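Visitor: Could you build the full structure based on these sequences and the hints that come with them?
Okay, here's what each chain looks like letter by letter:
There are 2 protein chains.
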Amino acid sequence: MGVVSLFSVAAEGSITSPKGFQAGGLHCGLKKTSRNDLGAIVCEVPAVAAAVYTTNVFQAAPLKVTRESIASEGRLRAVVVNSGNANACTGLQGEADAYEMRAATAQALGLADHEIAVASTGVIGELLPMDRVRDGIVGLPGTLSSGSEGAEQFCQAILTTDLVKKEVCVSMNIDGREVKIAGAAKGSGMIHPNMATMLAFVTTDAVIEQKALQGLLGAATDLTFNMITVDGDTSTNDMLVAMASGLAGNSELTTEHPDWEAFAAGFQHVCQTLAKAIARDGEGATRLVEVTVTNAVSDEAARAIAKTVVGSSLVKSAVFGADANWGRIIAAVGRAGQPVNPDTVDIKLGDIVVLTASRPIPFDEEEALAYLQGDTVTIHVDLNNGTGEATAWGCDLTYDYVRINAAYRT
Amino acid sequence: MGVVSLFSVAAEGSITSPKGFQAGGLHCGLKKTSRNDLGAIVCEVPAVAAAVYTTNVFQAAPLKVTRESIASEGRLRAVVVNSGNANACTGLQGEADAYEMRAATAQALGLADHEIAVASTGVIGELLPMDRVRDGIVGLPGTLSSGSEGAEQFCQAILTTDLVKKEVCVSMNIDGREVKIAGAAKGSGMIHPNMATMLAFVTTDAVIEQKALQGLLGAATDLTFNMITVDGDTSTNDMLVAMASGLAGNSELTTEHPDWEAFAAGFQHVCQTLAKAIARDGEGATRLVEVTVTNAVSDEAARAIAKTVVGSSLVKSAVFGADANWGRIIAAVGRAGQPVNPDTVDIKLGDIVVLTASRPIPFDEEEALAYLQGDTVTIHVDLNNGTGEATAWGCDLTYDYVRINAAYRT
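Line order of the protein sequences matches chains A and B.
Residue 1 is where the first sequence starts when you use the working numbering, and the numbers rise one by one after that.
Residue 1 is where the second sequence starts when you use the working numbering, and the numbers rise one by one after that.
Don't take every hint at face value.
The list makes no distinction among identical chains, and a pair is therefore deemed to hold if it is satisfied within one copy or across any two copies.
Pairs of lysine-lysine residues, derived as BS3-like cross-links and limited to a Cα-Cα distance of at most 30 Å, are as follows [what the hints assert, rightly or not]:
| no. | residue 1 | residue 2 |
| --- | --- | --- |
| 1 | Lys64 | Lys348 |
| 2 | Lys348 | Lys32 |
| 3 | Lys31 | Lys211 |
| 4 | Lys32 | Lys64 |
| 5 | Lys348 | Lys31 |
Please keep in mind that the hints were generated in silico from the structure rather than gathered at the bench.
Predicted model only: the values in this text are computed from it and were never measured.
Guide: Here it is in structure tokens:
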């Protein structure tokens, strides 16, 4: 089964491509630069909604508000997002501010409070300058459009240290109707999602059961957003929200629907594309690193090992230096806390075999150097010890990561 | 009970200070520089011996040989160590080489094979150039001395990317006899010990039961070497060996001995001093970071949280930038996977209170900057949620860490 046959990628698509969605964004003064820092996605009908959140003990105030909104009726009309301030560790005032963001957005759009989700990203521990937020929200409806311009403004508004916007759109055939799924995300630092991710938003015009959407969101997250790491730090603000307008007019999608597989494949592609884009645009990154582990004792073991390798500071530094240092790869495999046969490990860098049965294989250093200087580095670890497999994504560790994070707050 | 009353630190002491030990080292050609790369500690009598090893699945060949030697009679006469080559992932030839190192050292010193421990550190996956090792071992006995010069040559021989040697010696009174405990270690990179450490060697002239020594070694390791991290990567070669000559002439130490507490405190001080020295001299480090967690639900929870905070790339980068970014500290506390009350956390940087009951406290940024630019940064996280406590040590994340590790092998 090739995924190509189940859905197609829309080159020009954005979060406003699925029917029923508008987006917009503006600069209200939360960021020191003139970049956008407030945005919204709005659906013209109540969209079936699902979300996953960070597992960090310290959860930012907006997460509480969003949970409450979705719990109300399982539907959303809009999500409002600010960057530049995470509204985390801000106490009761922070909660009050998040509720006020929700209420102000509802008022500006003529909606009910419980139809609005709230998300924030940025510095932890500072109160939102609510005067700026209030003024910004009043201006938000004027920025909304269903064209690519609105999506562009939204994508810019959610970025922090990100260098590029992250967007994707796919389409597929459900009941003979065209259904679209699109997504936008921000990432960059404090990226080591655990059962949730940095801010990511998925829109679709599919008609879908809420329970099926929530289940799909969780499953896709485990294989995509939860498989990326930039620095091993799980944020207090991670949130992934999916909204389905239902305007495609298909018969309701459930896991029993004959076209479920196509929808699920497209949905996972959207999540994976955003997750990889976050990894590739990790703070200071020059390369995307993709680690695939095969033939582990279980998928869970493969996942743990893939994440350990892709998260290793020494592996990440070696990739930055274009150094085919497989010793660091095998050392990371060995400390992942998973069952591994120490005598049966094969490792490839791209197509270059460097280790067979846990023993070094002579390889062409020049060829390896050229490969490691490329845009994407794939590391394949075959444990020859079972049938479990997984892929994880990350980036190299560079001078710029240190520079960015030694001076982020001050 | 102050530790000061139980033992005293010998400012000029070294691993040859305890009675019965000699040490030495030389350059045999394993390192590209002219620094020493082969060394030995030799005891004039069979020393009671104990060791702990890395938990990495991939264990280097010398660990197998050393385990076998200690298992034989629980005693050692010598340990031979090389740097520049880890003899890890080198297969049957690597094992044969480690056995040959042991046999050659036994022959050069006129001892039996099983009286020799072997340790290696350096690059993974390359065979030892045994001709150089053989020649070096022949020259080793000529470098041995019981004075500080021999210890100095040994300490130099075990370093890789370390900038400074790590040595400590304490003395105490057992049965009215002076007993000394001394140690030497190397660290720098791939430092995240788990039930063992990078190479470390402890000598003592105490008379001590082997079982008591092994138990003490394990307990002290958990509170010292296992509480440091440089980069989260656990090496394939970690090994800590303790040798007790018994020449102090005290009655045999067991956990029942009236002076056990003094010996254990001195022993832990030796381990902690070496562990902190490894953290302070972490690759690229400019500062030692000490994280203390108090009033956790258990000591285990405190340990996990302290290690998570001290290992966070974002916290480490902030310390390098002298940025009082407590948001990253609390985010690390929250992702440690331990029970934490999100509303009761206090955080101090040195004496500067930055968070009380999980809420920011205004502080003097200039004062914080001055503190964070110091040589040692202490972070105190009080969870106000139990009685567990722990301290972990690490270092900042700097441009030099990236530089060193982007170019280590090539």
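Visitor: Each hint should be assessed against the structure and marked as holding or not.
Guide: Tested hints:
| no. | hint | in the structure |
| --- | --- | --- |
| 1 | Lys64 x Lys348 | between (44 Å within a copy, 27 Å between copies) |
| 2 | Lys348 x Lys32 | between (45 Å within a copy, 28 Å between copies) |
| 3 | Lys31 x Lys211 | neither (37 Å within a copy, 62 Å between copies) |
| 4 | Lys32 x Lys64 | within (27 Å within a copy, 58 Å between copies) |
| 5 | Lys348 x Lys31 | between (43 Å within a copy, 28 Å between copies) |
Violation of the numbered hints given earlier is confined to hint 3; every other hint is satisfied by the structure.
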